[in-house]
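Can you make the complete structure from the sequences, with help from the hints?
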Amino acid sequence: MKRILVLACLAAAACGERPEAWDAPVTSVTAVGLEGSLALVDDGAHRVVLARPTADLELLRTSVSVGKGVVNVKASADQKRLFVLSTGDVPKKKQDDQGPSLTVVDDGSQVSRRIELPTPLSGLALDPAGRWAVIFPGGDGRAFVENPNQLVFVDLTAAPEKAVTFRTLRSFGGRPQRLTFTPELTLPGGKRHLLVVETDQDVSILDLEHVQDTPARPEITVRLSNGLSTRNLRPAGVVADDGEANKSDDARIAVRMADDSNVFLLTLAPNPAGSTAPNDFTPLVNLADVGGIASDITFLRTDGGLRLAALVPQTMKAVLVDPATSVTTAVDLPSAYQRVSLVTDQVAPGGTGDVALLYGSTTSVAFWALGRTSGQPYRSVEVVNIAGGAAQVSSLQAPNQDLKVLSSAGTGFYVLNLKSRTASPLTTLQTARVVPSADGLRLWAFGPGTNNLAQIPVSNLAPLPLPLERPIRDVFDLKRTDGGRALVALDTRGTTGVTVLDAEAPDLRTARSFFGLLQEGL
Amino acid sequence: MRPTTKFGAGLLALTGTALSVALPGCGSSASLGSDSFAPDDEQAPSAGAAADGGVAPPPPEREVESDYEAPVATKNFVWVANPKSGRVAYVNAATLEVKTLEAGNGPTFLATVPGQADAAIVLNVLSRDATLLKADGANITTKTFRVGAQANGWSLSPDGHWAIAWTDYRKVANATKTQGYQDLAVLDLTEKVPPTILAVGYRPVSVSFAENGGAAFAVTQDGISIVDLTPAAGPLVTKNVAISDTPLTDPGTRDVAVTPNGKLALIRRDGSAEITAVNLETAVRTAIPMPGAVTDLDLTDNGTRAVGVIRDTSTVVILPVPDIVTSPAVFTQIAIAGETVGSVALSPGGGTGLLYSNAVAAERLTVLSLLGAPTYRTVRLYAPVLSVFSSKDASHALVVHDKVTGSPGAFSIVPVQNALPAKIVETLAPPIAVAFADTNDRVIVAERGTTRASYGAYLGRLPQLTVDRFALASPPTAVGIVTGAKRAYVAQEHPDGRITFIDLDTGLARTLTGFELGARVVDGSKP
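Protein chains in written order, with my numbering: chain A, -11 to 510; chain B, 891 to 1417.
Hints in this document: simulated from the structure, not taken from any laboratory. The structure displayed is predicted, hence computed values, not measured ones. Glycine is no exception: its CB is placed at the ideal position from the N, C-alpha and C atoms. Please note: incorrect hints may appear among the correct ones.
Claimed, not checked - Heads up, simulated DSBU-like pairs for lysine-lysine below, C-alpha to C-alpha not over 35 Å straight-line: (1) B:Lys965 - B:Lys1024; (2) B:Lys974 - B:Lys989; (3) B:Lys989 - A:Lys179; (4) A:Lys235 - B:Lys1416; (5) B:Lys1033 - B:Lys1061; (6) A:Lys235 - B:Lys1024; (7) B:Lys989 - A:Lys235; (8) B:Lys1313 - B:Lys1376; (9) A:Lys179 - B:Lys1376; (10) A:Lys179 - B:Lys1416.
What the hints assert, rightly or not - Which bits of chain A does chain B cover? Going by a derived footprint, with three or more residues having C-beta under 8 Å, they are: (11) 202 to 214; (12) 265 to 272; (13) 312 to 322.
This is the structure in C-alpha cells:
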C-alpha cells in the first residue's frame, strides 16, 4: 500500500516543500524482534521505528534514522542490538548524497550509531561474540560490476574512524557463499577468533585478531581440489573445535562437501621453524571418506576422545571420524536423519560422552549417546517416533532448556523433552509457526496470514486459543518496560498495525491494537 | 620356479628409514630365477602327499620380492612420488607440513641417497630422467639428470656418489622374452661425469657397488657384468664374468652374493650341494662342495663370512671369505639338532644368524651366535615362521608367522641377546611390513586384510615387549621410521595419498591425507 494513497487528502491540501518521506512508498516492512522492542524498518522514511510495550500494553514508539537504501537488517544474537545495512544513494550525484552505511541501534538505550562504509554491499554476517560485523557482496546484482571477494570488517568495539577495514580475499575463481565465525580457539599464537569463508570451491581462514593489521595479514586459503581435474568441490558447512584446553596445536575446523563424500579436517598447527608465513598457525589438511554426502557434521566427545560425527542420510549411517588418524567408524541409524545437534548439557552434563539429537524430515528423532560400550563405538541410539518429521528444531531458554520444539510443514508440532525423552504432540488445523518465548515459559503458535493464535504454557502444554481480529504476519514475545512480557502480533494489512497482549496472562479483553505505526513520527 | 611372497627367507633387519618388505637379503646377494613366478598359493608350506603315495619333499624356501613402490624416508622427511601430478610430496615428519615440488614427467620410483641427511632421487618414467631432491631445513633444491633408458628401480653407492637406474624385469607385467632390460643409466650425482647408459647382461636382477665406489656389479642371466666407475671419460662395462660352467644353459634358480669389496661372488643353486665362488677379477670359479643341498646362503655385510643352510640335515655352514676360495674344504659345520632350518637371516654386522624354515610349519627360531666360536640356542614359538627380521644391534628379532587355521595372522617379538621367551601377538590381518628403529627400541608392523577393520599397525617397545595397535583408515602399503623426527610412518593406499605418523615416545598417531591438497594451502608466505 502506498503511503501517498493513505494520506491522499492531506497531500492534496498541503502546499510548499515537505520531507520526501511523506511521498515515499511504504515498501515491504521488515520487522525484527529485539529484547524489549519490535523494530520496524521503514526504508522509505530512512528510519527504524522501535515499539516498546509497557505494563499497560501501550507501545512507546521511537524513530531512529538509518541510511537510505536498506538492504539488510539483522538482530544480534542476544537481541540487544539491531544492525541496518544501507547502500546510501547509488549512484551519488549530489554533494549531500549519502554513502553506504551500517547503523547499529541499541535496544536498551534506543541510541543509534552510524558507521560509514567504503562500498555499498548487501551481505551482512554478525559475530556471535558481538565484536564484528562483516559486510560482503550479497550477490543481488545491484552493481554493474562487483567483486564478490570484497569484505568489509566493522569492529563494533572501535571508534568509528578505526572501525572499518576493507579486505579483498585472494581468489582462485571462487566467490564467498557463507561466512562462519568460530568460537574462541587456542592457537599456537594465542587465543583467537577466526572467520571461515566458504566459497564455491575453497575455504579461507582469517584471523580476526589481526584483520586490522598493517600491512594486512593475509588470509589462509585451503583449496579443496588437488589441481588434477576440473572438478571443484563445493563446501557445504563448517564446524570448529578448540581441542583440549591445555593444548594450542589441536584446534580444528571441519568442512563438509555438498558434492563429495569426503569431509576435510584442518588441524591448526604451529608453523614450521623458519616459516615466513604471516599467520602464526597453519592448517594441516586431512580427508576422511564418510561413504556418502554428509548432510550435517559436528564435533563431539566420546570416551575414546574427540570425534567428528557426519550424518549420511544416503546410507542411514552416522560416521565417527577420529580427527587425528582419519579412522572412521560407521554407526547404523534407524532412519535417514539429516541434522545433528548436541544436547549433552541438557541431558547428561558432566558425562564421559556427548549426547546428540538426530532429526530431519523423518518420522522419528533419535538420541545418540556416545559413551562406548562393549563391541560398539557408542552407548545407545534411542528413537522417539513422531509423525511428520522435524524439519525445524527450536530450543527453549532456561528454565526450560530441556525442551525443544519440533516442527515441520505439516499440521502440528511436538514438544520434545530431552530429559524424559518424551515427545508431546500438539495438533493444529493448518500449518502453524511456533515461536518460543525468550523467558522459556511459553510457546506461541499462529497461522501465518490467519487470525489464529494460541498460547501454550510449557508448564502444562494446555493451549489457550486467542483468535485475533486481524490476520497475523508474525508474533514477538517481548520484555515490557516494567519487566513483564508482552506479545506483539504484527498485522498483515495496512501500514503496519499490531495487537498487544499480556504474554504472561493473555486476555483478548485487555488486548490493545495499534494501526498505522509507520504513519507516525515522520 | 621361484615363488613370490611378501615375506620369506633371507630377509634381514630393515631398520631406520627402510621399507621393511621385499629386500632380497643382506649385502649384495641377488636371486636369479627363470621367466615366470608361481603364485603364492602354489607354494603353500604344507607337506602334502606325492603322486606316488610317498611324502613329497618340502618346497623351496620362500624369498621376499617387492611388488610395489612406496614412499621413502630420510632423516627428517618422508618423500612420496605422484606420477599423475608430476610432483613429489615431502612431508616434514616433525611438523607434518606437506610440500610438493615439480619433478619430471611421471615421477615414480624413489630412493634415498646414502651419506646425506635429506636427499632422495626420483625416476621420472615418462620423461625418462631423474630428479635429485635435497632438503636443507626449509630450503629444497632439485637437479635433473638424463636417464634415457627405461627403468623401474635404483641402486646407489654407499657414499651417495653414484646412482644407477635399471629395470628389474620381475616388476614388469607381461615382459616378453625379447625384452632384455639390459640398459643401466649410471648417474654421477656429483656431476663430474655426465650420465652414461651402459648395456649389461640379459635381465639384471640386482645391481650393487663395491664399498670403495670404484665398481658396480650387475647380476644378470649372462653372468655378472662389472662396471668400472673410475675412468675419467665415464663409466664402462669392462667385463662379464660367467657364474657357471654352462653359461649357455639356464642353470635354474640361484642366489648370487657379491662381497662388498667386489672381488668375489658366491652362488647358490636350488637343489645343488655345491656353492660356486667366482673371482670377479680373474673370472676363476671355485666349486665348494657342501654336505647337502644348500637352501639358503647369506653373506655378512662386511663380507668376511658366508652362512649357508642345508635343510635336509639342518646343518649350518660358515664359510670364511675369501679363504674359502683357496681352501674349499675348510669351513665350519654346525648341526642344529632336532630342528628344521632352511633359511638364515644375518643381523647387521653379521654377529648373529637367525635360522628358521618357512617351507615346513616349523614353530622354532634358532639363534646362531657368530661372535667367537659359533653357538646356538633354539627359541620356541607358537606359530609357523614366515619371515624373520633383526634389529640393527641384533638384540631382538621379529618373526612374522605364517597362516594358522583360525588365526588371521600373528607375529612374535623374540629377545635375541637375552634368553627370554618370545612374545606372540595375534593380529587382525596378515602382517605385511616391518621396520625396526635405528635406536633398536621400537619396531613397527603393519597388517592388512580385506576389511576396513583389519587395517592396522602395531608399535612394539623394546625390551619391554609391549605392543600397541593403531587402527588405520585405509590399507597400509609400507612402514618406516623417520629417525630425526622420532616417528614411525605407515604409508597407505588412498587416491590423494595418506600416511600415518606414530610418535615413538608418546604413541600419538596423526594421519595426513591429501598431499597435493596440503601442499596447495596458500598461507601468504609467497607473493
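Going through the hints against the structure:
1. B:Lys965 - B:Lys1024: This hinted pair holds, its Cα atoms lying about 12 Å apart.
2. B:Lys974 - B:Lys989: Holds, at about 16 Å.
3. B:Lys989 - A:Lys179: holds, 27 Å
4. A:Lys235 - B:Lys1416: holds, 29 Å
5. B:Lys1033 - B:Lys1061: Cα-Cα ~27 Å, so holds.
6. A:Lys235 - B:Lys1024: holds, 33 Å
7. B:Lys989 - A:Lys235: Holds: B:Lys989 and A:Lys235 sit about 25 Å apart, inside 35 Å.
8. B:Lys1313 - B:Lys1376: holds, 24 Å
9. A:Lys179 - B:Lys1376: holds, 29 Å
10. A:Lys179 - B:Lys1416: The given pair, whose Cα atoms are some 26 Å apart, holds under the 35 Å limit.
11. 202 to 214: Satisfied; 10 residues make the cut.
12. 265 to 272: holds (count 6)
13. 312 to 322: holds (count 5)
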